[in-house]
Amino acid sequence: MQDLVIQPTKSSPEVVFIAADGRLSLRGESYPEHAVKFYEPVLQWISSYLATESAPLQLTMDIVYFNSSSSKILMNLFDMLEDAAADGKDVHVVWRYHEENEIAEECGEEFKEETQFLRFELQSYGDKG
Amino acid sequence: MTQNCITTYPAVLQGLHEFYESLQEEGILFCYSGPTNQGLVEGIGDILRQRMAVEEAGTSEVHGLFAIFIEQMQNILHYSAETTPQTTDQYFDEMRHGVVVVGREREAMRRFFVICGNYIEKSKGQVLAEKINAMRSMNKDELKALYKEMRRQDPTTEDSKGAGLGFLEMARKASCPLDYCIANVSEELSFFSVKAVR
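Protein sequences appear in the order of chains U and V. The first sequence begins at 1 in this note's numbering and counts up by one. The second sequence begins at 1 in this note's numbering and counts up by one.
In short, the hints are calculated from the structure, not lab data. Here the structure is a predicted model, which means the values were calculated and not measured. A couple of the hints might just be wrong.
[To be verified] Have a look at the derived ranges for each label pair, beta carbon to beta carbon: (1) U/E110 - V/S123: 38 to 48 Å; (2) U/K37 - V/K148: 21 to 31 Å; (3) U/E110 - V/E18: 38 to 48 Å; (4) U/V94 - V/K148: 44 to 54 Å; (5) V/Y20 - U/E40: 40 to 50 Å; (6) U/D21 - V/E56: 40 to 50 Å; (7) V/F19 - U/Q2: 29 to 39 Å; (8) U/V64 - V/H97: 24 to 34 Å; (9) U/V64 - V/E56: 13 to 23 Å.
[As the list claims (entries may be wrong)] If you only want the chain U side, here are some residues facing chain V, beta carbon under 7 Å, derived: (10) Q7; (11) K10; (12) R23; (13) Y31; (14) E33; (15) N67; (16) M75; (17) N76; (18) E100; (19) E102; (20) I103.
A virtual CB, placed ideally from N, CA and C, is assigned to each residue, including glycine.
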């Protein structure tokens, strides 16, 4: 399977999905004009990874801000991972946020509340990352 | 005040200084009126963050107001009924028009606010009003529960390009209920404005 790498813009996150070790990361801001269009390849990649690879999957999220349309799509994404975890796949989500970004922390908690089978970990960091 | 004006359109030019001063008196940090695109949203978004840093706003205040601002602007971007006609060369995307005002209260709590306005089809006014009225009577927990419920709903069948979550997101980030106004303009159009205070 090919890796998926998308460069960040001011309003869309950096996407780095490495197929070989199942490490995925989304980093940056997320308020693109057309969120559905932006996330289409992202969801597709994860869906085919889950269908074809049996190795564990670790998704690291470090989103400074995301808008309501992105939020809806991220919910779909976590649902997809949750289903896989319920089927016995090893899925680990690390939600990273700056210690002063209370909103990002709260958003992480709200996604965590929606999941049950996957490991959802909140991780704060300071200015040094 | 003495003025020395050389102009063929005195009304606009002479009034501009007065207009500028009156914005400052109202605590307006900046405003924009006209066609919008994603680049504008990103650009003004930068200015908003920078301007709030100058105002020594706290991190959570900046993040909260930014979230409100983006939802407000993307409402104009996606739903305004007033558009710039498409050019024939297809180089430019269609642009929707609206007005955005970002300010800070002059008195007491010195809260930041974002006001946005744009034309809407008259028939949509009632739906918007009902949506916001319902939110106005909810507390934060109720807003959160509704947000979670809506987030899981399938994309709305209407002409919704976003998630239909925008107003809820604004209501959750606001420190008091959203204010709005729907003014009848013509047979087909109303002007819809909404204010969110962080």
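Against the structure, the hints come out as follows:
no.	hint	verdict
1	U/E110 - V/S123: 38 to 48 Å	violated, 34 Å
2	U/K37 - V/K148: 21 to 31 Å	holds, 24 Å
3	U/E110 - V/E18: 38 to 48 Å	holds, 47 Å
4	U/V94 - V/K148: 44 to 54 Å	violated, 22 Å
5	V/Y20 - U/E40: 40 to 50 Å	holds, 45 Å
6	U/D21 - V/E56: 40 to 50 Å	holds, 44 Å
7	V/F19 - U/Q2: 29 to 39 Å	violated, 56 Å
8	U/V64 - V/H97: 24 to 34 Å	holds, 29 Å
9	U/V64 - V/E56: 13 to 23 Å	holds, 20 Å
10	Q7	violated, 15 Å
11	K10	holds, 5 Å
12	R23	violated, 27 Å
13	Y31	holds, 5 Å
14	E33	holds, 4 Å
15	N67	holds, 5 Å
16	M75	holds, 5 Å
17	N76	violated, 9 Å
18	E100	holds, 4 Å
19	E102	holds, 5 Å
20	I103	holds, 5 Å
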